[in-house]
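Dock chain B against the given chain A, drawing on the hints supplied.
If you want the building blocks of each chain, they are given just below.
2 protein chains.
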Amino acid sequence: MTEREGKSPGGWQLNCPVSVRDHAECVTLAHGEGGRLSRKLIQERILIILQPVSSQSLDDAARLPHSGQPLALTTDSFVVTPLFFPGGDIGSLAVYGTVNDLAVSGARPRWLTLSLMIEEGLPLAVLERILESVARAAGETAVQIVAGDTKVVPRGAVDGLFINTAGVGELLEPVPPGPAQLQRGDELIVSGPLGQHGIAVMAVREELGIEPLPQSDSGSLFPAVDQLRLTLGSRIRCLRDATRGGVAAVLHEWAEACGKTLSIEERTLPVTPEVRGISELLGLDPLHIANEGTMLLAVEQGAAAEAVAQLQTIPGMERASRIGVVRERGVAPVTVQRTLGVEQPLADPLGSPLPRIC
Amino acid sequence: MTEREGKSPGGWQLNCPVSVRDHAECVTLAHGEGGRLSRKLIQERILIILQPVSSQSLDDAARLPHSGQPLALTTDSFVVTPLFFPGGDIGSLAVYGTVNDLAVSGARPRWLTLSLMIEEGLPLAVLERILESVARAAGETAVQIVAGDTKVVPRGAVDGLFINTAGVGELLEPVPPGPAQLQRGDELIVSGPLGQHGIAVMAVREELGIEPLPQSDSGSLFPAVDQLRLTLGSRIRCLRDATRGGVAAVLHEWAEACGKTLSIEERTLPVTPEVRGISELLGLDPLHIANEGTMLLAVEQGAAAEAVAQLQTIPGMERASRIGVVRERGVAPVTVQRTLGVEQPLADPLGSPLPRIC
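From first to last, the protein sequence lines are chains A and B. Residue 209 in this note's numbering sits at position 209 of the first sequence, with consecutive numbering throughout. Residue 71 in this note's numbering sits at position 71 of the second sequence, with consecutive numbering throughout.
In isolation and in its complexed conformation, chain A is listed as follows (with noise of 0.2 Å):
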């Protein structure tokens, strides 16, 4: 045990919703050595919180019902601490993220794969209120869990939990063309408001103290990607769920993908006061926080009325908003035009200051 001594609370303790007693069951390495005790742990434990969104047993390779359409395939690890936060854990979050991967990609998320990576000494309680918000999450999103696997490591080789989804969507037609395709004139849209997810990770492990806790906007895209194909079809360019480095990141991305520049203006960006005020104190932007239910999506010229006034009607995505257009390259990839007039480029950081965000 000495080499968590002087450990900061990371993992489950900090923010956990379980009351652990002392002596609480907890995962050993047993079980995660392929005998007896894995298999009980995964057949009482596992397999029976993922029943209701599960037709299989979780061991083997799945096989997938077969249906004639073009399926997409993506994968997604989650080392989020702590492993609670408001607004979400790394169960939902596991879900949500791949389907979402899924979702902007054009697909109808349909099978999940659920891979534990497991400390020895956690709680097995704190493993199944994380299992249960999974099967919440996975039965919201409609999608099945079909294959799973569990390893246990000693303690010190992994903190907490970390948990990687695989998954497998099937593509609906139109499928969006992606960033390398978009237009001078072409509209850039934000579903919701900026930085929710990584200012409420970051207050509850920096401990900040403030109340109300900000929440995470953790949840699931399809519903509004599913609705914007039906009546924008193929007016839509592109889709990206703005995880880690914000939409800061991914503008830079599609900028470099279609060789133009992506103008945005400040006045246009959706923020929270919570979110505007924690930003502020600790010399933040917001167009760098990471998001985990808000998404960037490029539209023809002419199209972004009908899909942010499609968008406002969503629960969760009434601040959708207009933020920016396509032009040619002009001297940076990213522009944004502040609220007093000036345009300026948009940093492009190496990295963010917020690591484990998810």
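FYI, nobody ran anything at the bench for these hints, they're computed from the structure. Among the hints, a few may not be true.
Since the list gives no way to pick out one identical chain from another, each pair is judged satisfied if it fits inside one copy or across any two copies.
Subject to a maximum C-alpha distance of 20 Å in a straight line, what follows is the list of computed DMTMM-like cross-link-like pairs (lysine to aspartate or glutamate) [unchecked claim]:
{"id": "1", "residue 1": "K260", "residue 2": "E328"}
{"id": "2", "residue 1": "K40", "residue 2": "E256"}
{"id": "3", "residue 1": "K40", "residue 2": "D348"}
{"id": "4", "residue 1": "K40", "residue 2": "E266"}
{"id": "5", "residue 1": "K40", "residue 2": "E132"}
{"id": "6", "residue 1": "K260", "residue 2": "E274"}
{"id": "7", "residue 1": "K260", "residue 2": "E343"}
{"id": "8", "residue 1": "K40", "residue 2": "E211"}
{"id": "9", "residue 1": "K40", "residue 2": "E120"}
{"id": "10", "residue 1": "K40", "residue 2": "E128"}
{"id": "11", "residue 1": "K260", "residue 2": "E140"}
{"id": "12", "residue 1": "K260", "residue 2": "E300"}
{"id": "13", "residue 1": "K260", "residue 2": "D348"}
{"id": "14", "residue 1": "K40", "residue 2": "E25"}
{"id": "15", "residue 1": "K40", "residue 2": "E280"}
Here is chain B on its own, set in the frame of chain A:
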């Protein structure tokens, strides 16, 4: 760095074949933050190495080329320590492991995802060596790596590097019906010597000082499975790569699935002299030790001789052997006829004494 003090040299330090200078370039937290350094790491270090086995960029959900065939989906996370061991490393292991899960499920492995969870401070030269190994194994097994994810966590939050691979394969007819369909008289076969992977990892990790070092059997099972499918067809009941918990864990799972007794004969079990020697020294039973390129299979009564002869033509499987038979349920789910004639129940240990073997 304090949390690392006193920690045994796990991760990359032990048995690392890459010479790392004192001030070598290392992975930093900023490499994982979604900004410019993340894009540079992915484009200039990761994609360049994976390019021969990857048809597209790795940061989006990938479209799978349409095929009419039913698909299988699987996932596996790899937490082996040390990262390099005799006969393989975490990179090739992550490819073969998922390829084998698909192969024994009756699928031709086609597409993989690759998710890296990297500890801050891992030398880039070590990461590159592992990615080269991923690319080599993917090329050899004809799988494409179509989607990826990279997370960097602060020092101490993960030990060196974890890798998750999820895999999609195309099911090939006839798909083996699985262990629930085992019948009295069915014959049990192993494709090669037992316990080589577990002993190889442990010998180097525990610095047992054995020369020559025992080698892992880490490798692809697909060629062998495919050849058996073509010759034996529907006479194959089920197959399973005998990883964590070894052949014993698979026998116990199968016995549970079919409600019969699986009865094996000790004298027919292939074990190398090195594995036998180290197992005796440490009081371990090779039946309980992990393999990474060796499978258990069950075939219809009368088909074992043909299956074994077929396997013995495949490099590395010269010692394939018929090891037992399925009977009506007797006193124990799995029994071993010892060399001296006594028939004993085979222990189903709670766990095994070898964590982080895969």
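Here is what the structure says about each hint:
1. In this assembly of identical chains, the alpha carbons of K260 and E328 lie at most 20 Å apart only when taken from the same copy (5 Å versus 71 Å across copies).
2. In this homomeric assembly, K40 and E256 come within 20 Å of each other (Cα to Cα) only across copies, at 12 Å, whereas the closest approach inside a single copy is 50 Å.
3. Taking the shortest Cα distances, K40 and D348 sit within 20 Å of each other only across copies (12 Å), while inside one copy they are farther apart (49 Å).
4. Taking the closest pair of Cα atoms, K40 and E266 never come within 20 Å of each other, the shortest separation being 55 Å inside a single copy and 28 Å across copies.
5. Taking the shortest Cα distances, K40 and E132 sit within 20 Å of each other inside one copy (18 Å), while across copies they are farther apart (37 Å).
6. Taking the shortest alpha-carbon separations for K260 and E274, neither the intra-copy value of 33 Å nor the inter-copy value of 62 Å comes in at or below 20 Å.
7. For the homomeric pair K260 and E343, the shortest alpha-carbon distance inside one copy (16 Å) is at most 20 Å, but the shortest distance between copies (76 Å) is not.
8. In the homo-oligomer, the alpha carbons of K40 and E211 never lie at most 20 Å apart, since the shortest distance is 42 Å inside one protomer and 39 Å across protomers.
9. With identical chains, the CA atoms of K40 and E120 are at most 20 Å apart within one copy only, with a shortest distance of 16 Å there and 35 Å across copies.
10. In this homomeric assembly, K40 and E128 come within 20 Å of each other (Cα to Cα) only inside a single copy, at 14 Å, whereas the closest approach across copies is 38 Å.
11. When the C-alpha separation of K260 and E140 is checked against a cutoff of 20 Å, the pair qualifies neither within a copy, at 38 Å, nor between copies, at 40 Å.
12. Only within a single protomer do K260 and E300 lie at most 20 Å apart by alpha-carbon distance; the minimum there is 15 Å, versus 64 Å between protomers.
13. Taking identical chains as interchangeable, the C-alpha atoms of K260 and D348 lie at most 20 Å apart only when both belong to the same chain, with a minimum of 15 Å there against 63 Å between chains.
14. Proximity of K40 and E25 under a CA criterion of 20 Å is satisfied intra-copy only: 14 Å inside one chain copy versus 44 Å between copies.
15. For the identical chains of this complex, K40 and E280 are neighbours neither inside a copy (50 Å) nor across copies (29 Å), given an alpha-carbon limit of 20 Å.
Taken one by one, the earlier hints fail for this structure at numbers 4, 6, 8, 11 and 15, listed in ascending order.
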